[in-house]
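Protein chains: 2
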Amino acid sequence: MIHFSLILKNIAQHISLDKEETDYFTSLLQPRKIAKKSFLLKEGQACQSIYYVQSGALRAFHLDRRGKESTITFAINDWWITDMYCFVTEQPAMQNIVAMADSSVLQLQKYELEELFIKVPKFERFFRIIMQNSYAREQLRVLQNLTLTAEERYNIFINKYPQFIPHISQKQIASYLGVTPEFLCTVVKNMTRGIVS
Amino acid sequence: MIHFSLILKNIAQHISLDKEETDYFTSLLQPRKIAKKSFLLKEGQACQSIYYVQSGALRAFHLDRRGKESTITFAINDWWITDMYCFVTEQPAMQNIVAMADSSVLQLQKYELEELFIKVPKFERFFRIIMQNSYAREQLRVLQNLTLTAEERYNIFINKYPQFIPHISQKQIASYLGVTPEFLCTVVKNMTRGIVS
DNA sequence: CGTCTATTTGAATGTACTCAAAAGCGGTGG
DNA sequence: CCACCGCTTTTGAGTACATTCAAATAGACG
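One line per chain: the protein sequences are A and B, in this order. With our numbering applied, the first sequence corresponds to residues 1 to 197, in that order. With our numbering applied, the second sequence corresponds to residues 1 to 197, in that order.
Hint data in this document are derived by calculation from the structure and do not stem from the laboratory. Warning: the hint list may mix true and false statements.
A pair counts as met if it fits within one copy or between any two copies, since identical chains are not told apart.
[As the list claims (entries may be wrong)] Under the rule of at most 30 Å between Cα atoms (straight-line distance), these lysine-lysine pairs were calculated in the DSSO-like manner:
1) K42 with K160
2) K9 with K160
3) K122 with K110
4) K19 with K42
Given only the sequences and the hints, what does the whole structure look like? Please build it.
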């Protein structure tokens with residue numbers, strides 16, 4: 001199962017699985033190839049799965065009535081992604097998940113995940129840690145959105161997630177930070193003006 | 001253990017404990033009374049515990065250099081609260097947690113929680129669910145902060161958390177929504193103007 | 001090479017902020 | 001119990017910041 005080495009290493013950081021548990025777990029994973037610009041999830045659909053990204057790059061965003069995009073998150077290698085609110089509540093998705101590059105993901109459906117928790121309770125620990133870290137990250141993001149300027153948030157973003165930069169446009173960063181692309185452009189220009197002679 | 005009936009009911013919603021597990025769990029909980037206006041956590045301190053609120057009302061907020069408060073969350077009966085980012089990363093707290101009314105909480109320290117996970121792995125499930133729901137809630141809040149107006153966020157807030165209203169001032173709601181109290185005041189005034197003749 | 005989208009620039013606009021001051025309200029102590 | 005004090009809410013004027021709109025330039029991709 002050479003396919004699964006990345007996700008198994010990810011999991012091994014937090015829990016240990018024997019051969020049988022590993023085989024059962026990997027049997028639940030559905031590998032999917034997502035071509036660049038195609039969608040893993042669209043607003044209004046049921047969000048019944050979480051996705052582990054093996055390769056490529058994905059972006060989750062919301063589109064409001066007036067056509068404005070807001071990016072909720074990016075995900076590359078070794079990240080998990082889903083519309084968690086709709087996954088939990090079973091309401092129609094509010095997010096679109098789109099491939100920014102040809103990507104390879106492993107899909108885990110909600111009912112399979114629940115079965116996994118019953119059969120291999122160790123996975124409760126694994127996902128408890130994942131969810132706890134995700135919660136901590138989002139709580140920090142809320143705080144930073146409330147307290148920091150666009151310039152400060154931009155700097156934190158590019159320093160925290162340098163791996164994302166090759167995949168994403170400045171417009172998409174703007175939609176993540178919650179400002180217009182025009183405004184972010186001037187912010188970045190004024191930043192560099194201070195650096196270059 | 002009449003003290004613990006509320007938290008045990010909270011836990012029973014997700015997992016079942018036998019007598020021995022219940023006794024062990026409750027032995028880890030430190031009851032604390034917090035007088036109105038006193039602090040459970042201050043910025044800069046180590047954040048080594050999570051708190052379950054039995055009664056009263058708490059508020060977690062950040063204070064920036066310029067003296068501006070930003071409210072991260074409120075918590076009343078039957079809620080868990082902590083500075084999750086600093087709890088996880090073991091960095092100094094970025095949040096202050098203050099009692100808005102005389103409150104009673106149960107404190108669970110991080111090392112005890114880790115011990116609990118080892119001795120009663122069922123609790124992994126319980127906290128996985130708590131963390132997952134918290135993550136979903138924060139992800140939704142990020143999205144709403146990016147896409148909705150102050151008026152829309154205000155309406156969602158008061159409809160979603162009516163239990164909070166008796167405890168909190170409009171100024172505190174403003175600091176939760178990320179606007180100034182003056183601005184929220186005019187927003188609310190303009191809302192009611194549409195309702196009253 | 002041509003098309004489409006992203007980035008940059010600027011002008012005009014509007015939204016939310018700061019500052020200041022008055023009014024309202026709750027809590028505390030005399 | 002009432003008067004005072006401090007904090008919140010309200011109101012308004014002036015300001016700053018971020019937006020919209022438009023148009024030009026630059027880049028990416030088929």
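Hint check results:
1. K42 with K160: The answer is both: 28 Å in one copy and 26 Å across copies each meet 30 Å.
2. K9 with K160: within (22 Å within a copy, 40 Å between copies)
3. K122 with K110: both (17 Å within a copy, 20 Å between copies)
4. K19 with K42: Answer is neither: 36 Å inside a copy and 47 Å across each miss the 30 Å cutoff.
Comparing the model with each earlier hint shows a violation of hint 4 alone; every other hint is respected.
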